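First residue of the sequence shown? That's 10 in my numbering, and the numbers climb one at a time after it.
Derived from the structure by calculation, the hints contain no laboratory data. Watch out, some of these pointers could steer you wrong.
[Unchecked claim] Straight-line distance between alpha carbons at most 25 Å, and here's what the computed DSS-like set of lysine-lysine pairs gives: (1) K165 with K184; (2) K184 with K166; (3) K152 with K165; (4) K184 with K259; (5) K129 with K163; (6) K260 with K184; (7) K159 with K129; (8) K152 with K129; (9) K395 with K445.
[Stated by the list, open to error] Label pairs and their computed distance ranges (CB to CB): (10) T396 with L476: 15 to 23 Å; (11) R432 with G292: 16 to 24 Å; (12) R531 with A472: 37 to 45 Å; (13) S404 with P349: 35 to 43 Å; (14) A120 with L476: 56 to 64 Å; (15) D467 with G521: 32 to 40 Å; (16) S167 with G398: 30 to 38 Å; (17) D291 with S167: 54 to 62 Å; (18) Q455 with D291: 28 to 36 Å; (19) L476 with G532: 37 to 45 Å; (20) R531 with Q415: 43 to 51 Å.
Everything numeric in this text was worked out from a predicted model, so none of it was measured. Ideal Cβ positions, reconstructed from N, Cα and C, are used throughout, including at glycine.
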Amino acid sequence: MRVYITAAADEVAMKPKAEPPQPQQQQQAAARRGCRSAVVTGLLAGVLFLRAALLAVEAGASLCPSATGCPDWRAGLGRWLHGGDAMEEFMKEWRRTHRAATLLDPVVVEAAPDSLDALKAEMGAMLASYDGGRLDMEAVAVKMMAMLLKMDRKVKKSRVRALFNRHLASLGVPKSVHCLTLRLAEEFAVNSAARSPVPPPEHAPRLTDASYLHVALVTDNVLAAAVAVASAARSAADPGRLVFHVVTDKKSYVPMHSWFALHPASPAVVEVKGLHQFDWRDGGVIASVMRTVEEVQRSSLDYHRCGGSAEREHRRLEASNPSTFSLLNYLKIHLPEFFPELGRVMLLDDDVVVRKDLTGLWEQDLDGNIIGAVGSHDGGGICADKTFGDHLNFSEPAVSGLLGSQCAWSWGVNIVDLDAWRRTNVTETYQLWLQKNRESGFRLWQMASLPPALIAFDGRVQAIEPLWHLPGLGWRVPDPEVARFSAVLHFSGPRKPWLEVAFPELRQLWLGHLNASDSFLRGCGVVEWQ
Numbered sequence: 010m011r012v013y014i015t016a017a018a019d020e021v022a023m024k025p026k027a028e029p030p031q032p033q034q035q036q037q038a039a040a041r042r043g044c045r046s047a048v049v050t051g052l053l054a055g056v057l058f059l060r061a062a063l064l065a066v067e068a069g070a071s072l073c074p075s076a077t078g079c080p081d082w083r084a085g086l087g088r089w090l091h092g093g094d095a096m097e098e099f100m101k102e103w104r105r106t107h108r109a110a111t112l113l114d115p116v117v118v119e120a121a122p123d124s125l126d127a128l129k130a131e132m133g134a135m136l137a138s139y140d141g142g143r144l145d146m147e148a149v150a151v152k153m154m155a156m157l158l159k160m161d162r163k164v165k166k167s168r169v170r171a172l173f174n175r176h177l178a179s180l181g182v183p184k185s186v187h188c189l190t191l192r193l194a195e196e197f198a199v200n201s202a203a204r205s206p207v208p209p210p211e212h213a214p215r216l217t218d219a220s221y222l223h224v225a226l227v228t229d230n231v232l233a234a235a236v237a238v239a240s241a242a243r244s245a246a247d248p249g250r251l252v253f254h255v256v257t258d259k260k261s262y263v264p265m266h267s268w269f270a271l272h273p274a275s276p277a278v279v280e281v282k283g284l285h286q287f288d289w290r291d292g293g294v295i296a297s298v299m300r301t302v303e304e305v306q307r308s309s310l311d312y313h314r315c316g317g318s319a320e321r322e323h324r325r326l327e328a329s330n331p332s333t334f335s336l337l338n339y340l341k342i343h344l345p346e347f348f349p350e351l352g353r354v355m356l357l358d359d360d361v362v363v364r365k366d367l368t369g370l371w372e373q374d375l376d377g378n379i380i381g382a383v384g385s386h387d388g389g390g391i392c393a394d395k396t397f398g399d400h401l402n403f404s405e406p407a408v409s410g411l412l413g414s415q416c417a418w419s420w421g422v423n424i425v426d427l428d429a430w431r432r433t434n435v436t437e438t439y440q441l442w443l444q445k446n447r448e449s450g451f452r453l454w455q456m457a458s459l460p461p462a463l464i465a466f467d468g469r470v471q472a473i474e475p476l477w478h479l480p481g482l483g484w485r486v487p488d489p490e491v492a493r494f495s496a497v498l499h500f501s502g503p504r505k506p507w508l509e510v511a512f513p514e515l516r517q518l519w520l521g522h523l524n525a526s527d528s529f530l531r532g533c534g535v536v537e538w539q
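Use the sequences and the hints to build the structure in full.
Here is the structure:
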């Protein structure tokens, strides 16, 4: 059924005159224009609220919020429209048009007005052209719906573009960080102090002394490691008891060594060791490490080949995340091989800031378990963060034996019993599940280093107090009170503190652990943000 607006004809009895008074004609014309403007404004009022108005219409809500406050308005409009409740008819047409919105011709949507003012102008022109005739309300509803769809698509496209640009910004290495790496490598070549042993020979016995607190970082990010070490040493009640073990790859070893040789964390001790410097004499250890390396490399190759073209593009974007196939992330599963003479170690990610003394974490009773981590339950029995179901695809039979609602822990801040680890087959289980995921076409989980660890360590994780680890600062700004009581702030998420997309207040907190007068940092513009 088509609905029309019929303009009222002027039925003013007039005496025949040769020339009607000019002021009276102007008043009549102004009155007609005012009526038309009122109709246009009334019809388009809902557009001002877009989604809210649309939801109200879909729910069958009345345009008038009060049952007693609108009769005069509705009656007046109805009289102007020559009887009948034309507004209700219009809203019925609107609802019908909205249900069929997905069937609109894309050409119609593309030709729709770009703004409310443009739509008002079109509607005014249509009313003017139909002076004394009828206006097709179906055409009005279609035009308004096409405009809403066009605006909605623009908003969605803009949102996707913003998310994509933010994703790209989170992947790159800032020029300042790249500059710092090159400057430190150059310093290593020309300055003997940058090549001095780390740690000094007189402190070497501490590296295996169980009476010290041993902290491990597995990273290739010099700047992040510098902040993690500096913040932990500054927050320690007795920094002289801290021994930091920084494990890095061959590419990053020279600048990492140069930084800590020139910026010692005294009285704490720092050891920097590249993967190429581990002297494993046990053939079994070498084979185990190489199995992980080869599995990560195979997964990287296969990940880009699986699926159709659209899925490959999606996976290519996923794989561009530095952590997806970072070998160092996966080699954390070889901590017992990295530190054969240690029985316990605290494992920190490089994107952390330590704000409390770590002695309490070191002394945690793991009750026979291998690893202590935050991520169990809060007081109400609800998972404090994610569950296994957030990491694993439980529609696959291979993982259906696990409990999807089980709370998931995470890397970032962990206390590890290396002796207990050596008595289990956790490392082999981890490698097996890496292989299973690759052979399944990566359907068991989205490629990352944590999901296979959740399976391998299942039943061997001791929950520790949430105050030890506050994750997610790369996703959101935490509550100030929660941050104040947290021992370690973890910038997990895409907005790392060394990137320009970081939250400004959190970046300043992170930069506060760097020396603003340092010539390397100032020369490369690392601290010019302050």
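To see whether the hints hold, each was checked on the structure:
no.: 1; hint: K165 with K184; in the structure: 31 Å, violated
no.: 2; hint: K184 with K166; in the structure: 29 Å, violated
no.: 3; hint: K152 with K165; in the structure: 20 Å, holds
no.: 4; hint: K184 with K259; in the structure: 21 Å, holds
no.: 5; hint: K129 with K163; in the structure: 20 Å, holds
no.: 6; hint: K260 with K184; in the structure: 18 Å, holds
no.: 7; hint: K159 with K129; in the structure: 16 Å, holds
no.: 8; hint: K152 with K129; in the structure: 11 Å, holds
no.: 9; hint: K395 with K445; in the structure: 23 Å, holds
no.: 10; hint: T396 with L476: 15 to 23 Å; in the structure: 21 Å, holds
no.: 11; hint: R432 with G292: 16 to 24 Å; in the structure: 21 Å, holds
no.: 12; hint: R531 with A472: 37 to 45 Å; in the structure: 43 Å, holds
no.: 13; hint: S404 with P349: 35 to 43 Å; in the structure: 41 Å, holds
no.: 14; hint: A120 with L476: 56 to 64 Å; in the structure: 59 Å, holds
no.: 15; hint: D467 with G521: 32 to 40 Å; in the structure: 38 Å, holds
no.: 16; hint: S167 with G398: 30 to 38 Å; in the structure: 32 Å, holds
no.: 17; hint: D291 with S167: 54 to 62 Å; in the structure: 57 Å, holds
no.: 18; hint: Q455 with D291: 28 to 36 Å; in the structure: 34 Å, holds
no.: 19; hint: L476 with G532: 37 to 45 Å; in the structure: 38 Å, holds
no.: 20; hint: R531 with Q415: 43 to 51 Å; in the structure: 48 Å, holds
The structure is inconsistent with the numbered hints 1, 2, although it conforms to all the rest.
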